[in-house]
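Participant: Letter by letter, the chains look like this.
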Amino acid sequence: MEKEVICIVCPLGCRINAVVDDATGELKSILGNECHEGVSYAKKEVTSPERVLTTTVITEGSSQPLLPVRSNKPLPKGKLKEVMRELAYVKVKPPLKIGEAAAKNILNTKVDIIATRSLTT
Amino acid sequence: MITRDVSLVVIGSGPAGLAAAIKAKESGIDEVVILERSEELGGLLHQCVHNGFGLLCFKEDLTGPEFACRLIEKVNELGIEYNLETMVIELNARRNIKAVNPQKGVMNLNAGAVVLAMGCRERTYHQVGVMGTRPAGVLTAGTAQRYINVEGYLPGKEVVILGSGDIGMIMARRLTLEGAKVLAVVEKLPYVGGLKRNEVQCIHDFDIPLYLQHTVTKIHGNARIEGVTMVEVDGKGDANKATERLIGCDTLLLSVGLIPENELSLQAGVKLDLLTNGPFVSERMETTIPGIFACGNVVTVYDLVDYVMWSGEIAGKSAATLVKGKKTQARKPKRGKESISIKAGNNVRFVSPQSIDKEIEDDVDIYIRVTEPMRNVEISAGDGNEDIYKKIYRAVTPGEMVVVRIPAKQLKTHNELVIKCEKLAWLGININFERCTGCRYCEAICSFGHFDEVNPVKSCIRIYNDLQSNVYFPIIAGPYTDAKCTSQRFVVIQGIEYDACALCPICCPIRPFFMEPGTENSLKCDMCGMDPMCVQFCSSGALTLATEKEE
Numbered sequence: 001m002e003k004e005v006i007c008i009v010c011p012l013g014c015r016i017n018a019v020v021d022d023a024t025g026e027l028k029s030i031l032g033n034e035c036h037e038g039v040s041y042a043k044k045e046v047t048s049p050e051r052v053l054t055t056t057v058i059t060e061g062s063s064q065p066l067l068p069v070r071s072n073k074p075l076p077k078g079k080l081k082e083v084m085r086e087l088a089y090v091k092v093k094p095p096l097k098i099g100e101a102a103a104k105n106i107l108n109t110k111v112d113i114i115a116t117r118s119l120t121t
Numbered sequence: 001m002i003t004r005d006v007s008l009v010v011i012g013s014g015p016a017g018l019a020a021a022i023k024a025k026e027s028g029i030d031e032v033v034i035l036e037r038s039e040e041l042g043g044l045l046h047q048c049v050h051n052g053f054g055l056l057c058f059k060e061d062l063t064g065p066e067f068a069c070r071l072i073e074k075v076n077e078l079g080i081e082y083n084l085e086t087m088v089i090e091l092n093a094r095r096n097i098k099a100v101n102p103q104k105g106v107m108n109l110n111a112g113a114v115v116l117a118m119g120c121r122e123r124t125y126h127q128v129g130v131m132g133t134r135p136a137g138v139l140t141a142g143t144a145q146r147y148i149n150v151e152g153y154l155p156g157k158e159v160v161i162l163g164s165g166d167i168g169m170i171m172a173r174r175l176t177l178e179g180a181k182v183l184a185v186v187e188k189l190p191y192v193g194g195l196k197r198n199e200v201q202c203i204h205d206f207d208i209p210l211y212l213q214h215t216v217t218k219i220h221g222n223a224r225i226e227g228v229t230m231v232e233v234d235g236k237g238d239a240n241k242a243t244e245r246l247i248g249c250d251t252l253l254l255s256v257g258l259i260p261e262n263e264l265s266l267q268a269g270v271k272l273d274l275l276t277n278g279p280f281v282s283e284r285m286e287t288t289i290p291g292i293f294a295c296g297n298v299v300t301v302y303d304l305v306d307y308v309m310w311s312g313e314i315a316g317k318s319a320a321t322l323v324k325g326k327k328t329q330a331r332k333p334k335r336g337k338e339s340i341s342i343k344a345g346n347n348v349r350f351v352s353p354q355s356i357d358k359e360i361e362d363d364v365d366i367y368i369r370v371t372e373p374m375r376n377v378e379i380s381a382g383d384g385n386e387d388i389y390k391k392i393y394r395a396v397t398p399g400e401m402v403v404v405r406i407p408a409k410q411l412k413t414h415n416e417l418v419i420k421c422e423k424l425a426w427l428g429i430n431i432n433f434e435r436c437t438g439c440r441y442c443e444a445i446c447s448f449g450h451f452d453e454v455n456p457v458k459s460c461i462r463i464y465n466d467l468q469s470n471v472y473f474p475i476i477a478g479p480y481t482d483a484k485c486t487s488q489r490f491v492v493i494q495g496i497e498y499d500a501c502a503l504c505p506i507c508c509p510i511r512p513f514f515m516e517p518g519t520e521n522s523l524k525c526d527m528c529g530m531d532p533m534c535v536q537f538c539s540s541g542a543l544t545l546a547t548e549k550e551e
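From first to last, the protein sequence lines are chains A and B. Going left to right, the first sequence walks through residues 1 to 121 as the working numbering numbers them. Going left to right, the second sequence walks through residues 1 to 551 as the working numbering numbers them.
By construction, these hints were calculated from the structure, which means they are not laboratory data. Worth double-checking, as some hints may not be accurate.
Unchecked claim - With beta-carbon atoms standing in for the labels, derived distance ranges:
#1 Leu212(B) to Met1(A): 23 to 33 angstroms
#2 Lys93(A) to Lys390(B): 36 to 46 angstroms
#3 Arg15(A) to Glu263(B): 20 to 30 angstroms
#4 Glu550(B) to Gly78(A): 43 to 53 angstroms
As the list claims (entries may be wrong) - Derived coverage of chain B by chain A (criterion: at least 3 residues anywhere in the stretch with Cβ under 8 angstroms from a Cβ of chain A; other residues may be distant):
#5 48-56
#6 129-142
#7 380-390
Positions of the beta carbon are idealized from the N, C-alpha and C atoms, including for glycine.
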């Protein structure tokens, strides 16, 4: 499988052409990167890309209609939409402190969704 | 009506204002008052729920609310006074402030020093000249951000975004995640306006169509927007009518730039720089009116919150020094003839701050923005005769500010500094055989830098000794190449296969020497990110970073 990755390590933004072995999922060859940093970035991007999810959840019994939240660890990129759908049904009640979980082990990913600000009544 | 004297008033409580107030309080000023027009401290940080804040100053990847929380906690810890829902309606050059507040009514504050931290405002469609009707559903990206992240409303289901600034791209991702469909992100220029990481993580990750060199020329619909006309533009920015096409949508977001909010600064008589749209400031973030300081996006629109916070800290510290100096009757001599003005030279759009004191003790950071994306450039600062700062960058873009650190020690002889950005035709490591002493320090440092061990056989530079003439000469493994030729073969470097032209090792008798011992991997010089360690550590001057400027 061949994939184009734009490296975001520095402003060069190399367009890297990475070829992945379909059987093993290992990086087979890489072309277009201008430094070693691009190798590890492309490897991560083609094998298991991950992103930190930041969003909001609905609150109940607070003057703030929404609570901003984030995943405490990066989530697999492909799961972001699924997690969003799950979070649409999450409602949080005060009091909740910054850093406390609004949803634990979301979709069995072992990732918690934590509050990024405190929620008061 | 309340009238009182205060040491320092900070107008605005975004990251810049909070940082200024904290720094001033820590520097020993008791009476610091923050005036904030909204109902909570933190400014726009609360609606920026995405991450990427504080990577430089806290060395952590925080979200906007988390970043705000850290600063607000500090403000409460230090017991800094703040007034919420307070609008400053007047500011004059003698630092008299008139503000209104629903509880206290009209307040008159006579401040020893003022820090302006009002931030910036979004450019609206009035300022970009889109034709057509003015229906509901046309809003700026920041307004949409507030609706979605704070108020909990989705402004539309089918969205077109005009402009590819950072907020625009981040909103494209937010809208997609919240279930709306982003039909197009339209950018007039041939490159995106914001940071690369936002282009990748917000646009490409969600397969959002990005139209570069396109613009929106017309808005359709009466009560509610029904669609927009999109058209291709050429290099000069002229629209090509033949490429017009209609996109049906129910929302148009504008992310077409930010303007520093300087109504108060103008009222006080502060001089503005037309390039940054903010006040002229010195390295102490003091405006043209003594005692009035400015920081954050009111000065110039910064890319990163870290820069904003640092500018706030400088303003807070300088304001504290001024206030304390007044009390002890030991005021520093006034600025004026003793300052060096800083000008933007070739390929530089603006510089900030625009002047620095001749007597500075610490190095000063100057923020610049280049005019267009460029590769292999040298950014330098000099007075025409001599450069006191020089740095090579592999790539620069207008979307990412460049920080130029002016060394304090070398400054005194200059009257004017010009910061320019010049394209390089060639760059590489220049070798002067005659100066090489054969110390082999370069071999040691190269292998240590790349493999964490001092082992000359793993170095990308080798010193050879010609026994007949007793001359040492260094040889460097060729830099990366993606040249394509008919006789391709794979070269393995650090476990990864590279496409490489096989001709060079055949032609050059030395090249096969650059192999990692025990493996098939060949070694190649990567210039250590434009700051080669071998050059840094070469004490004899045999190795220098050589550049050739474009005519």
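Participant: Quick check: which numbered hints come out false for this structure?
Facilitator: Going through the list in order, the structure violates hints 2, 3, 6, 7 and respects the others.
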